[in-house]
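K.L.:
Next come the chains, spelled out residue by residue.
Protein chains: 2
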Amino acid sequence: MGTFRVELGPRSHPVHVGAGLLDQVGKLARDAGVSPGRVALITDSNVATLYAPRTADALRSAGLEASVIEVTAGETSKSVATLSSIYDRMAAAEIERSGAVFALGGGVVGDLAGFVAATWLRGVAVVQIPTTLTAQVDSALGGKTGINLASAKNLVGAFHQPRAIIADVATLSTLPEREFREGFGEVIKYGAILDAPMIADLERDLPRLLARDGAALEGVVERSLLLKAKVVTADEHEGGLRKILNFGHTVGHALEAISGYEKYLHGEAVAVGMKVAAHLSEKFAGLSADESSRLIALIERTGLPTSAPELGLSAQIAGAMRLDKKRRQGDIEFVLLDRLGHAVTRPLGLDAIQQELSR
Amino acid sequence: MGTFRVELGPRSHPVHVGAGLLDQVGKLARDAGVSPGRVALITDSNVATLYAPRTADALRSAGLEASVIEVTAGETSKSVATLSSIYDRMAAAEIERSGAVFALGGGVVGDLAGFVAATWLRGVAVVQIPTTLTAQVDSALGGKTGINLASAKNLVGAFHQPRAIIADVATLSTLPEREFREGFGEVIKYGAILDAPMIADLERDLPRLLARDGAALEGVVERSLLLKAKVVTADEHEGGLRKILNFGHTVGHALEAISGYEKYLHGEAVAVGMKVAAHLSEKFAGLSADESSRLIALIERTGLPTSAPELGLSAQIAGAMRLDKKRRQGDIEFVLLDRLGHAVTRPLGLDAIQQELSR
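Read top to bottom, the protein sequences are chains Z and X. Going by numbering that gives the first Met the number 0, the letters in the first sequence line up with residues 0 to 358, in that order. Going by numbering that gives the first Met the number 0, the letters in the second sequence line up with residues 0 to 358, in that order.
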């Protein structure tokens, strides 16, 4: 098991990564300052069957009496309607100010339960227990929480740092193959923007990782979270540096939006976006053709897509990018690489982006 | 016009009190750091007719393009359903991270719009423009925001300090008499817990105040806000001192709850609660009979009620108090006065409270 702290002043908190940690969530939460008493365990319909009883047992053995609040698996649960039903169940469960919310699941559960915790009684503790690779390497850390509106994703939310993050890599063994591989989108991103040796290690270890070797996964989850923690510590509220975490995401988000959020998983869209960003990096940030090819080849070896027919709809992609960046005119701030392991931002005109999309 | 700052580190902000300030809200907001561009003006159906166009004009003249978002007047608008509809209108109005929310109205609008601002794009600026006496002397300051659930009030919320508070006492001239007088519940509370000379001044000035004399109202609004600011600065998140602001509220909240939130306005329930608290203060905190009588006599002169038939239902009141304090057993922490102008807290058994209620 690896443990480190995210240093954020009064919001500092521990991160635990290891196999079998689910059985220790109660103890680890108590160690992080969660008070004994009634708590909520928010999870989704897929994860509940697999892990909710075991997690609730682990909580109970540490004096935390969990009411399980289950939502339907999938992005549609990040809605005002589901939020409202969770609030009612929080009231019925009599979760008090000294209580806590445990978020057991992937990114949807983490975002939703985190937002519930941010707004319940003006803020109660949340412990993130991510069970997908994407959530373990990325979304569980950083304090971003939120829900979607019919008109757009993540317009409503709050920054609410967890009291602790507990990533049990053993839960990755039950992930469907596509959801598992999706996680490598964010993993490769961390190497690309911050850690060139990590890219070399991924090139070497990918077969073991894709075979879900526990030790290899533990290493990669911890390394990704350490990199993200470094960025979040430097820029908690996305005023500057944190923007580099959006490498591959500008095109990725646009691709998700114009395909109606159904066709591509987030990590798949990011993978496609990273290839576009790699080419733009060659043109506008001095990334060498050799390093660009290495990055794209690594993405391809994970089985993630690196192209999408929708990229041909370059005008639609551009429109979605403007909407995502809340910019109606002018350049788009794009995260690029000047070398593997180092990100920069560059203002790019839409014409330059569309030209790359259309090649 | 009086202006002072609430000192809360990075969340410090100005408070302006004066007649006719509505015409300066744009300039004052810009001075407080609100960026030019699209903003939301959230108000209710009563206030919209009276003051929304004038406020929107004042915003426009300072480069703030306001989309007016109107909700039905009344406590029922503090709901998840209204919140959801406001979010949709915020999306349609394309309010960006650099945008702002202006809360024009009483406590309901302030709480609701403040919560919208706390959660829109993970937090945008809010400017509180209170138009009722209760909101001007009390609820606009302190950063508490939230909505109600069907099961209970204010379970969902966030601490979100305003960027500025702009209290135009001229708007008090259009308040219906009952809503106007309601505000004296909180005004007298501030004197009772923190400022004995203020009680003497209220005894002297009450006729002018009840006649809505502008200069007198400006003085009392500013004095109340200064007192609240002192408490909030010392204890922003209600860890300790801020609890004294609940003088009269323990019984007041219970009275509101058991009467279904329809019969009594908040300030009326607090007035009844203050009389009970005055008697308990004599018994358990050494308040002199003379000062207790002075306090009660002052409340009575405002026309606010000091008794309620529901107090006879002492078991129901006690049950509602337990629920309000999230306590299933044990003593209730009660805010009492040991002398006029000085509050203390005392743990009181339910039997002692019920005995006082039944006399």
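These aren't lab readings, by the way, just hints derived from the structure by calculation. Among these hints, one or two may not hold up.
[What the hints assert, rightly or not] Below, a sample of chain X positions facing chain Z; criterion: calculated Cβ distance under 7 Å: (1) 20; (2) 21; (3) 32; (4) 72; (5) 83; (6) 84; (7) 86; (8) 118; (9) 121; (10) 148; (11) 157; (12) 158; (13) 205.
[To be verified] Here are some chain Z residues the structure puts well away from chain X; computed CB gaps all over 10 Å: (14) 7; (15) 20; (16) 156; (17) 207; (18) 236; (19) 240; (20) 318.
Glycine is no exception: its CB is placed at the ideal position from the N, C-alpha and C atoms.
K.L.:
Next step is simple, just say for each hint if it's right about the structure.
P.N.:
Verification of the hints:
1. Given hint, residue 20 (chain X) at the interface with chain Z, is violated; its Cβ is 29 Å from that chain's nearest Cβ, farther than 7 Å.
2. At about 29 Å, the closest approach between the beta carbon of residue 21 (chain X) and any beta carbon in chain Z exceeds 7 Å, and the interface hint on this residue is violated.
3. A cut of 7 Å between beta carbons decides the hint on residue 32 (chain X): the least distance to chain Z is about 15 Å, and the hint is violated.
4. Look at residue 72 (chain X): its Cβ only gets to about 22 Å from chain Z, farther than 7 Å, so that hint breaks.
5. Checking residue 83 (chain X) against chain Z: minimum C-beta separation of about 4 Å stays under 7 Å; hint holds.
6. Taking 7 Å as the C-beta contact cut-off toward chain Z, the hint placing residue 84 (chain X) at the interface is violated, the least distance being around 10 Å.
7. Nearest Cβ of chain Z to the Cβ of residue 86 (chain X): about 6 Å, under the 7 Å cut. The hint holds.
8. A distance limit of 7 Å between C-beta atoms decides the matter here; for residue 118 (chain X) the minimum to chain Z is near 5 Å, and the interface restraint holds.
9. Annotation: interface hint on residue 121 (chain X) holds; nearest CB of chain Z at approximately 5 Å, less than 7 Å.
10. With a least beta-carbon distance of about 6 Å to chain Z, the hint placing residue 148 (chain X) at the interface is held under the 7 Å criterion.
11. For residue 157 (chain X), the interface hint holds, the least distance from its beta-carbon to any beta-carbon of chain Z being 6 Å, beneath 7 Å.
12. For the restraint placing residue 158 (chain X) at the interface with chain Z, the shortest Cβ-Cβ distance is roughly 5 Å, inside the 7 Å limit, so the hint holds.
13. Annotation: residue 205 (chain X) was flagged as interfacial toward chain Z, and the flag is violated, the nearest CB pair being 35 Å apart, outside 7 Å.
14. The claim that residue 7 (chain Z) is not at the interface with chain X holds, since no C-beta of that chain comes within 10 Å of its own (minimum 15 Å).
15. For residue 20 (chain Z), the non-interface assignment is confirmed: its Cβ lies about 29 Å from the closest Cβ of chain X, beyond the 10 Å cut-off.
16. With a cut of 10 Å on Cβ distances, residue 156 (chain Z) falls inside the contact zone with chain X, its closest approach being about 5 Å.
17. With a closest Cβ-Cβ approach of about 38 Å to chain X, residue 207 (chain Z) is found to remain outside the 10 Å limit, as its non-interface label requires.
18. A beta-carbon of chain X comes within 10 Å of the beta-carbon of residue 236 (chain Z); the shortest separation is about 8 Å.
19. The beta carbon of residue 240 (chain Z) is kept farther than 10 Å from every beta carbon of chain X, the shortest such distance being approximately 17 Å.
20. Residue 318 (chain Z), annotated as away from the interface, keeps every beta carbon of chain X farther than 10 Å; the closest lies near 14 Å.
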